[in-house]
Amino acid sequence: MVIHGWSNYGREVLNVKQMMEADGFALDNVTFGYLIESFGRSDKNQEVVNVGLRGKASNQIKAADALEMFDEMLKRLVSQIVNGLCNNGQLENAVFVNEELLRKGFCSTGLVARMEGNWDGNHDASSQSDDSYQFERPRLEPLYEAFLCPLTKKIMHDPVTLETGETFERVAIENWFKECKENGRRLVCPVTQKELKSTDLNPIIALRNTIDEWTARNEGAQLDLARRSLNLSSSESDAVRALRYVQYLCQKSRHNRFVVRNEALVPIIVEMLKSTSRRVRCKTLETLRIAVEEDPDLKIEMAEGDTVRTIVKFLSHEQSKEREEAVSLLYELSKSEALSEKIGSVNGAILILVGMSTSKSENVLTVEKTEKTLENLERCENNVRQMAENGRLQRLVTQLIEGSPETKLSMASYLGELAINNDVKVLVAETAGPSMISLMRSGDIHSREAALRALKQISCEANARVLIEAGILPPLVRDLFTVGSNHLPTRLKEVSATILANIVNSGIDFDVIRVGPDNRTLVSEDIMHNLLQLISNTGPAIESKLLQVLVGLTNSPSTVLSVVSAIKSSGAIISLVQFIEAPQRDLRMASVKLLQNLAPHMYQELADALRGTVGQLSSLIKVVTENIDITEEQAAAAGLLAELPERDLGLTRQMLDEKAFQLIISRVYRIRQGETRGIRFVTPYLEGLVRILARITFILAVEPGAIQFCRDYNVTALFIDLLQSNGLDNVQMVSAMALENLSSQSRNLTRLPEMPPPGVCASIFPCFSKQPVITGLCPLHRGECSLKNTFCLVEGNVVEQLAALLDHTNDKVVEAALAALCTLLDDGVEIDQGVLILLEAEGVRPILNVLLDNRTDNLRRRAVWAVERLLRTTEIAEEVSGDPNVSTALVDAFQHDDNGTRQIAEEALKHVDKIPNFSGIFPNI
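In the working numbering, the protein residues as written are 2 to 926.
By construction, these hints were calculated from the structure, which means they are not laboratory data.
Among the hints, erroneous ones may be present.
Said to hold, decoys possible - What follows is a set of in silico ranges between Cβ atoms, one per label pair, in the way DEER data are often shown:
{"id": "1", "residue 1": "A222", "residue 2": "S321", "range": "48 to 56 Å"}
{"id": "2", "residue 1": "N263", "residue 2": "S439", "range": "51 to 59 Å"}
{"id": "3", "residue 1": "E407", "residue 2": "P601", "range": "49 to 57 Å"}
{"id": "4", "residue 1": "L853", "residue 2": "E431", "range": "51 to 59 Å"}
{"id": "5", "residue 1": "N263", "residue 2": "A420", "range": "33 to 41 Å"}
{"id": "6", "residue 1": "S439", "residue 2": "A265", "range": "50 to 58 Å"}
{"id": "7", "residue 1": "R310", "residue 2": "E407", "range": "43 to 51 Å"}
{"id": "8", "residue 1": "P601", "residue 2": "R673", "range": "24 to 32 Å"}
{"id": "9", "residue 1": "T153", "residue 2": "E264", "range": "24 to 32 Å"}
{"id": "10", "residue 1": "E470", "residue 2": "T857", "range": "38 to 46 Å"}
{"id": "11", "residue 1": "P143", "residue 2": "E175", "range": "23 to 31 Å"}
Unchecked claim - No farther apart than 25 Å at their CA atoms in a straight line, the calculated lysine-lysine pairs in the DSS-like style are these:
{"id": "12", "residue 1": "K322", "residue 2": "K343"}
{"id": "13", "residue 1": "K253", "residue 2": "K336"}
{"id": "14", "residue 1": "K155", "residue 2": "K179"}
{"id": "15", "residue 1": "K343", "residue 2": "K314"}
{"id": "16", "residue 1": "K789", "residue 2": "K660"}
Note that this is a predicted model, so its numbers are computed, not measured.
Where a beta carbon is used, it is the ideal one built from N, C-alpha and C, also for glycine.
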């Protein structure tokens, strides 16, 4: 059906009709919205209009009849459109149609119920009961034509009359007048077309009151119907329809919000959050947000009980739509300062919101709304604290910088209780560090305590330089050493010492940073003496932190010698060693780490302090060996023992008497067999153990007990096994050194064979005697050798392994391996047999390569010695004489090395005929 000429809406209806036909009723939202906007009832019900059916002549009928015809047509079309949208899965479009009809007040047409009933794609009209259509035929009073504005076709809110007696909506007629003036048209009444003499508008109070009463009665009736649908037993469509109507009412006027509140609808709506339907829950959250907008009292009423907690739970739901609606509602509630604290008090609320504000997966608008919610919550100090605990420190830092003295004190106290990561510590130090240091300098003990505890929390290696540049060291040192009326209590001196330890362990060169007048630094002699004296006169907690300060200073090459000098001049080494026996683990570990750093610079003083009957050596050994797990303390203790003088006979004998080496070797075996835990410290721990065990090989020549121990525990085999510790250079180096020491004793430990006594004839006629042949002797030592009892490297088949280590990238490993191999060429053994053993193990060429590489002075001296021994063998000398590189290396050593090496190089050059050998010509010279 097409309507012609009745009004300005005819063309639009025709366009819509054509689009519906062309697209099979797949009508887009924008066009259909325009249709709803355009359609209205004409006041010209008695006018005659032309109505024509397609293909037939036009007939003249009354406009009212045409409207009825169009209304029926529209109902059928809308029903078909909605069914088509639902069947095709276009639910959002169907929602839009429904909301537009609600907004335009077309309740009496029955279309709302049709569309609501068709929301579910599985809707079956025949299966619906009467109750399910409670909104389809609501018992409403009829809409009177007098309530409608002729211009807008909508119910009037502020009716006024013209001089012609016609009634209009005030805003609509004012816009009509404005358009007439702008377009230069005569000022006429829109209905009668009579020219107006005046634009005076007369309000019709009685009509306005009548419309308001009619609207209130109708809305009340529909609100009552909505209330009945707001229960958990209602269908999804009924519940959603009821919630939409509540939204419509609340958005329409502030008075309606008051009605919703007076009708006690909010608790009923809150109950719908328990619905099993996601769609109902989302619509409920949305309705609550709309209901409480700009109504502080309603917000407080809604937040009673566990409602806020329930809303917060939706932040963790998997469905993003529920999270979005929950955030929007919380944002609205957070506008109330009273509710900000309540939201923050819900367990996990701040944590979830902070996480959502930085999420990469959330909707951008949701993230923005979350951020605004957090900004509102920041008005409550408890919320600021919670945000700081969860990594959001912006507000706390701002208040530390800009807040009142009371606020600064409060925020500093909060910060002092937080556990934050290093990145955040750096940020806080850069922004609020100067403010906290200024607070620390104040005379108020409460402010100083809050500032110190906050600085303790943020001080770390990463921000040490920032805090130093902000001026933290002078007041910190002053607080530590000051005595008298203004001194800090002991508990705060411990905090100061902790801050200083955190800063000092950053590795900065503190020998150039001023901490007091006269350019004094942390390592100035008087400050160091004060520090050492304070360590001796305070409790364990402060002592531990001050020892950590010394650990940090001795870690740096630029300050360690100053610390060593102060300890030597004050005689403090005795008191420092005593801390090894402290029952407090932190204190004991700090002491051990400090002594480990000091050992390379004052090893003899340490050995003297540990040696004797005081007990610290036993305590140290106990620390090294007591646990199954490998701890940092054990690794440090092993490192300390390893640094002590290896040739200190008294110390090694005491360790042997206390059976320390048995414990050490047991731990080494357990590590090699994978029976220990603590991978983090296993490498320094194993290196320390191996160095401690190697001590016993340095006293073999003077201590029979050491030889017996090495035999009983087959120590040589263990060091051979440790040579295979690839990647542990120190272990390989120390193992090779120990094998050198063990091998050097082989010639003294080899048991020479006993010759049988000669017979009678042989004793009378020696010329007829024949020497007996004894087999199985070591070719190198000319006796009975074994790996376990005489420590013979040949019997241990280790020569090839040592030769392979000559190609190692670590010079110290190469030097130790070469030294062990040199025991095969030493005086007291069969050198020619040693050369033969090296040839068989393919060890000659690697030794020559060490000489050619010329890596270090020690290596060259050792290589020159070994090469000279090799060149005593004619075959090797002949082969090497043709290698100009070896000759050049020997010549270089002859010209530039020390006297001893030059003499050896000269002998080597004689073997290859590079220098004349005059010993044969002048044998007596």
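Okay, the hints, checked on the actual structure:
1. Distance hint check: the CB atoms of A222 and S321 are about 37 Å apart, inconsistent with the given range 48 to 56 Å.
2. Between N263 and S439 the Cβ separation comes to about 56 Å, which falls inside the hinted range of 51 to 59 Å.
3. E407 and P601 have their C-beta atoms about 53 Å apart, which keeps the hinted 49 to 57 Å range intact.
4. Judged by the Cβ atoms, the range 51 to 59 Å given for L853 and E431 holds: they are separated by roughly 55 Å.
5. Checked against the hint of 33 to 41 Å, the pair N263 and A420 fails, with Cβ atoms roughly 49 Å apart.
6. At about 55 Å, the CB distance of S439 to A265 agrees with the hint of 50 to 58 Å.
7. Our hint of 43 to 51 Å for R310 and E407 is violated, since their Cβ atoms are close to 32 Å apart.
8. Against the hinted window of 24 to 32 Å, the Cβ-Cβ separation of P601 and R673 comes to about 28 Å, which satisfies the hint.
9. Range check, T153 to E264: about 30 Å between beta-carbon atoms, so the 24 to 32 Å window is met.
10. Evaluation of the 38 to 46 Å hint for E470 and T857 yields a pass: the beta carbon distance comes to about 42 Å.
11. Our hint of 23 to 31 Å for P143 and E175 holds, since their Cβ atoms are close to 29 Å apart.
12. Among the hinted pairs, K322 with K343 is consistent with the structure: their alpha-carbon atoms are about 24 Å apart, no more than 25 Å.
13. Restraint check for K253 and K336: the C-alpha separation of about 22 Å stays at or below 25 Å, so the hint holds.
14. For the suggested pair K155 and K179, the alpha carbons sit about 20 Å apart, so the restraint of at most 25 Å is met.
15. With a C-alpha separation of about 14 Å, the suggested pairing of K343 with K314 holds against the 25 Å cut-off.
16. Restraint check for K789 and K660: satisfied, since their Cα atoms lie roughly 20 Å apart, inside the 25 Å limit.
Against the hints set out earlier in the document, violations occur for numbers 1, 5 and 7.
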